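Asker: Single-letter residue listing:
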Amino acid sequence: MRNILRFSAAIAGLSFLVTAAAGDDPLEDAIKARQGYMQVVKFNAAPLFGMAKGKIEYDAEAAKTYANNLQAAAMMKNGAMWPEGTDNVSYAGKTRTLPEAWTTYPKVAEANQVWIDATGELARVAGDGLDALRSKIGAVGEGCKGCHDDFRAEDF
Amino acid sequence: MRADQTGDYRREKIWDPVIRLWHWLLVVSVSTGWLLGQFRDFATVEWHIYLGYCTGILVLIRLMWGIFGPVPVRLRTLLPSPSQIMEYTRHFGNRKPSGSPGHNPFGGLSVVIMLVLLAVQVCTGLFSEDDALFASGPLAGWISTGGVLRATAIHHVVATLLLVFVGMHVAAVLYYLLWKRENLIVPMITGWKWIRVIQRDP
Ligand code: HEM
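Protein sequence lines correspond, in order, to chains A and B.
Counting the first sequence from 1 gives a position; the working numbering is that position plus 644.
Counting the second sequence from 1 gives a position; the working numbering is that position plus 13.
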């Protein structure tokens, strides 16, 4: 019993030390998470834009998969990645999210809804040929742009 | 017959055909290019880039013409000395045509500033990127992400500066037309302009 207590205390102390040494800041983790999330979005969107522009050959299966991924990403419940106090004033150099994302709430949620709708429409038709893909892809791009113009700074 | 001289002013051909054609081509390529950039969408953004290239070529032609072209369009003529500017400021408000044989000192200065801004705009455009989605400049893949962000940010700031300087350019032309009663637009079409020949206090 004594040993178990000692062992637990040691583990607790150790994990505290490790976290402290790593300087773990849960808010910074959230920033990293959303930036990674946006990169995932980008890597699924880019091949679709490439196909629509004729830079990559259209492939119905791939297009459908990417579009489904994009829709899933858009619908992801990800509020935890945007905790209050993580705007680019408080975390200068780390994030590009403008304070407006919080101060003008729920505008950012409305922008997100526009994007969810656009990705949904795209996912429905992306596998039905290049023309179908082209007819819906513009709105998805507008969705990214609409949000970035209002809630993202140009530079870190 | 039209009199070629009235009072202190004489009609002279000051703008050569190259610079006249160049000027109006630039108006078209910069204004449509600017609008296609500002209001870009997926279907038309490539045209923003093509018009940007046209503008870049026009800027290069202008630099060549500023070295080898006729005197009124030479870069050396365009850059005014401080004393020329001071002198010109004194009668800027007079309700009288300037009769300048080319650009007046402010006009020349504004041309140089606009050319520099356009050159910066084309160069940063080559490295700009809209998250690789709407469009990206052909060289954006060659530099770091931070560099791309910076180039794109400069591209946006200079786009606004161009709007300001083009606006000032047009406002100045209107000021000359309405207040100083000097039409600067027609000479840029026909080449002929009324030049002051007798130097009295203007
Ligand atoms: C003098 C010529 C040019 C003008 C006046 C111009 C103007 C503009 C304007 C007004 C925007 C929109 C900025 C905003 O959204 O706030 C823009 C964006 C853009 N331009 Fe240009 N541009 C020029 C040349 C070029 C060239 C030569 C290229 C590429 C080779 C280029 C590539 C881009 C790209 C990729 C964007 C989108 C970047 C973004 O806004 O995220 N531009 N430009």
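Read the hints as simulated data drawn from the structure, not as lab findings.
Just to be clear, a hint being listed does not mean it is correct.
Some chain A residues judged to face chain B by a derived CB distance under 8 Å, without partners named [stated by the list, open to error]:
1) Asp668
2) Lys676
3) Val684
4) Glu765
5) Lys789
Counterexamples of contact, computed for chain A against chain B with all Cβ distances above 12 Å [to be verified]:
6) Glu672
7) Gln683
8) Ala689
9) Phe693
10) Tyr702
11) Ala716
12) Met725
13) Arg740
14) Thr747
15) Tyr749
16) Gly782
17) His792
18) Asp794
19) Ala797
20) Glu798
Quick look at which bits of chain B chain A covers, simulated, 3 or more residues with Cβ under 8 Å [claimed, not checked]:
21) 72-79
22) 124-130
Small disclaimer: the values here were computed from a predicted structure and weren't measured.
Cβ atoms here follow ideal geometry from the backbone N, Cα and C, with glycine treated the same way.
Asker: A separate judgement is required for each hint: does it hold in the structure or not?
Answerer: Verification of the supplied hints:
no. : hint    : in the structure
1   : Asp668  : violated, 25 Å
2   : Lys676  : violated, 15 Å
3   : Val684  : violated, 13 Å
4   : Glu765  : violated, 14 Å
5   : Lys789  : holds, 7 Å
6   : Glu672  : holds, 19 Å
7   : Gln683  : violated, 10 Å
8   : Ala689  : violated, 6 Å
9   : Phe693  : violated, 5 Å
10  : Tyr702  : holds, 16 Å
11  : Ala716  : holds, 18 Å
12  : Met725  : holds, 18 Å
13  : Arg740  : violated, 8 Å
14  : Thr747  : holds, 22 Å
15  : Tyr749  : holds, 24 Å
16  : Gly782  : violated, 4 Å
17  : His792  : violated, 7 Å
18  : Asp794  : holds, 14 Å
19  : Ala797  : violated, 9 Å
20  : Glu798  : violated, 4 Å
21  : 72-79   : violated (count 0)
22  : 124-130 : violated (count 0)
The structure fails hints 1, 2, 3, 4, 7, 8, 9, 13, 16, 17, 19, 20, 21, 22 (numbered hints given earlier, in ascending order).
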